Amino acid sequence: LAKTTQPISMDSYEGQEVNITCSHNNIATNDYITWYQQFPSQGPRFIIQGYKTKVTNEVASLFIPADRKSSTLSLPRVSLSDTAVYYCLVGDSGSYNTDKLIFGTGTRLQVFP
Amino acid sequence: SQTIHQWPATLVQPVGSPLSLECTVEGTSNPNLYWYRQAAGRGLQLLFYSVGIGQISSEVPQNLSASRPQDRQFILSSKKLLLSDSGFYLCAWRGVNYGYTFGSGTRLTVV
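Sequence lines, in order, name chains A and B.
For the first sequence, this note's numbering begins at 16 and goes up steadily by one.
For the second sequence, this note's numbering begins at 555 and goes up steadily by one.
Okay, chain A solo, but in the shape it has when bound (with noise of 0.2 Å):
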């Protein structure tokens, strides 16, 4: 399973749009990059998942350059309860029978008022 990199943390203010990079240098050809928040004493909540370019839904954006060695989580205009760890991981979806999300420590994003 490729190994993910990411800030510690970071901090924001309301309004403001959060991109919060990760890096995954050997990451597998079949492997997918998902993200995940998490809020204090809670599970993990699947935000967003991609291969390659650009995907969006209702919560976030996730950016994905040709090389796929990184990825860029973009939280557009957020709000106090944006403020939560977000997690990158990378693993092969369609391994259902093999995969385990290995997580790393995650981003912590501060967003103030």
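Read the hints as simulated data drawn from the structure, not as lab findings.
From a predicted model like this one, the values you see are computed outputs, not experimental measurements.
There could be a bad hint or two in this list.
Unchecked claim - If you only want the chain B side, here are some residues facing chain A, beta carbon under 8 Å, derived: (1) W561; (2) A594; (3) L598; (4) R626; (5) L644; (6) G657.
Said to hold, decoys possible - Chain A regions said to be covered by chain B (calculated; three or more residues, Cβ under 8 Å): (7) 25-34; (8) 79-90.
Even glycine gets a Cβ: it sits at the ideal position worked out from N, Cα and C.
With chain A fixed as given, assemble chain B onto it according to the hints.
Chain B in isolation, oriented as in the chain A frame:
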């Protein structure tokens, strides 16, 4: 729709006592099931995962064990708890599509 249930939400146990945490999944069949532990202020550590009834893979040698007696039931156990077993325990499942769903977690404090 699929749901995952995990209980209890909080638990305080003395050192040396046994432990049993239960996780059940509804609305799906033959899910992959996982147990994670999160120490205070730390990331998630994968403890066990199971791809089917009776099939358990251990990721970290420790004082804990896991069992899967039924397709949608995953149990985390210990015969004698240690202080270092304190933490936030999370159960998760994965179906045939991508994306993992986590339970609400159990906060275990060993005293």
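Going through the hints against the structure:
1. Because the beta carbon of B:W561 sits about 13 Å from the nearest beta carbon in chain A, more than 8 Å, this interface hint is broken.
2. Hint status for B:A594: violated, given a least beta-carbon distance of 10 Å to chain A, over 8 Å.
3. Evaluation of the B:L598 hint against chain A yields a held restraint, the C-beta minimum of about 4 Å falling below 8 Å.
4. Interface hint status for B:R626: violated, as the beta-carbon distance to the closest one in chain A is roughly 16 Å, over 8 Å.
5. Evaluation of the B:L644 hint against chain A yields a held restraint, the C-beta minimum of about 5 Å falling below 8 Å.
6. Hint status for B:G657: holds, given a least beta-carbon distance of 6 Å to chain A, under 8 Å.
7. Here the region 25-34 of chain A counts 0 residues with a CB under 8 Å from a CB of chain B, which misses the bar of 3, and the coverage is violated.
8. Counting residues of the region 79-90 of chain A whose C-beta sits closer than 8 Å to any C-beta of chain B gives 0, which falls short of three, so the coverage hint is violated.
Going through the hint list in order, the structure does not satisfy hints 1, 2, 4, 7 and 8.
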